[in-house]
Amino acid sequence: MQPMGKSMTVGIQGSNGSYSEMGVFEYFATEHGLSMKIIPSVINFDHSEQVCEALASGQIDFAFFPVENSIIGNIDVNMDLLNQYPFYVLGEHYLKIEHCLLTLPSTRPEEIRTVFSHPAALEQCRDYLLKSNFKAFPSFDTAGAAKTIQPGEAVIASRRTAELYSLQIVDTNIQKVRNNFTRFFLFCPAKNKPAQLHDYQDDKTSLAFTIGDGAGSLLRCLEKFAQYGLNLTKLESRPIPDNPFMYTFFVDLESSLHSEEMQGCLQDLSLEAQTIKILGSYPAGRK
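Numbering (our numbering), first residue to last: 1053 to 1339.
It is worth saying that the hints were derived from the structure and are not from the lab. Hints are supplied without guarantee of correctness; some may be wrong.
The list that follows gives simulated cross-link-like pairs (lysine to any residue, SDA-like), each with its CA atoms no further than 25 Å apart [to be verified]:
#1 1243 - 1336
#2 1245 - 1105
#3 1183 - 1222
#4 1228 - 1294
#5 1286 - 1322
#6 1339 - 1281
#7 1243 - 1328
#8 1276 - 1336
#9 1187 - 1121
#10 1183 - 1122
#11 1339 - 1175
#12 1243 - 1329
#13 1329 - 1106
#14 1286 - 1321
#15 1339 - 1309
#16 1329 - 1137
#17 1276 - 1316
#18 1329 - 1175
#19 1286 - 1299
Work the whole structure out from these sequences, hints included.
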């Protein structure tokens, strides 16, 4: 952990002006669970896999990933990476997403034919794109698409992106619903988890577990949470690529990893589940 008041590096997937960058600065300015005056230095990567490699090799101190959106659900690739690497989630943050349609100042709205953005943003704005009869093309990043925009093209990104790259805002709040939030995780290598972390109030714990293919296997695992009075706020499944039609189950629980209830539950769960991975225990973010 960096000393108080010192800079630390946080890796994100995306360019300057991306929602991930906005989330990093908002997180550390408002509600981070480490209770320190930390000045984050954001390091940009094109792909999530590159962020994880940099974190695992020690090139950066922390990473900040979108893991879930209130419209489209899980950001699957990022959850898979969190399960794949030996990382530990330290905190979460909910960022309100307000998608804007941006163009070059010289482009008139009626000239727009194609729209570029991250696939997640395109999906969140799918209704708007269909109604406007725009052709949508994916880009690795919302803000990154703004760097290469051409006349007659538009990008879906944030107001900050418009300001940063001197683009005009053609339309605002073009996502399916106005109350659109993306959930982010801040995480580090598990071996570098701050020693003082247990001193803080952890409200949530995230786990990943796998089960056998016997009848009732999942039910018996879920019953363990109920028996210990643990409230599940999320349950998602992801296929295991090298084991066809078998799944990893991701769960969020309203409890600290260090509580007696959680420790008892994990002990009993280990008798039913084939594998259990603790993704992290952290203070719940404010919505």
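Evaluation of the provided hints:
Between residue 1243 and residue 1336 the CA atoms are separated by roughly 22 Å; this keeps the pair inside 25 Å, and the hint holds. Between the alpha carbons of residue 1245 and residue 1105 the distance comes to roughly 17 Å, so the proposed pair stays at or under 25 Å and holds. As the CA atoms of residue 1183 and residue 1222 are separated by approximately 15 Å, the hinted pair is consistent with the 25 Å bound. This hinted pair does not check out: residue 1228 and residue 1294 have alpha carbons roughly 35 Å apart, beyond 25 Å.
Between residue 1286 and residue 1322, the direct Cα distance comes to roughly 20 Å. Compliance with the 25 Å bound is thereby established for this hinted pair. Our distance criterion of 25 Å between C-alpha atoms is met by residue 1339 and residue 1281, whose separation comes to about 24 Å. For the given pair, residue 1243 sits about 18 Å from residue 1328 by alpha-carbon distance, which is consistent with the 25 Å threshold. Taking the CA atoms of residue 1276 and residue 1336, the gap is near 22 Å; set against the 25 Å cutoff, the hint holds.
For a cut-off of 25 Å, the pair hint linking residue 1187 to residue 1121 stands: about 23 Å separates their Cα positions. For the hint linking residue 1183 to residue 1122, the alpha-carbon distance of about 22 Å falls within 25 Å, and the restraint holds. Distance check on the hinted pair: residue 1339 and residue 1175 sit about 22 Å apart at the alpha-carbon level, within 25 Å; holds. Simply put, residue 1243 and residue 1329 have alpha-carbon atoms about 15 Å apart, close enough for the 25 Å limit, and the pair holds.
Distance hint between residue 1329 and residue 1106 is fulfilled; the C-alpha atoms sit about 22 Å from each other, no more than 25 Å. For the hint linking residue 1286 to residue 1321, the alpha-carbon distance of about 17 Å falls within 25 Å, and the restraint holds. Note on residue 1339 and residue 1309: the hinted pairing holds, with a Cα-Cα distance of about 22 Å set against a maximum of 25 Å. With a C-alpha separation of about 11 Å, the suggested pair residue 1329 and residue 1137 falls inside the 25 Å cut-off, and the hint holds.
For the proposed pair residue 1276 and residue 1316, the alpha carbon gap of about 9 Å is at most 25 Å, so the pair holds. For the hint linking residue 1329 to residue 1175, the alpha-carbon distance of about 30 Å lies beyond 25 Å, and the restraint is violated. Distance check on the hinted pair: residue 1286 and residue 1299 sit about 16 Å apart at the alpha-carbon level, within 25 Å; holds.
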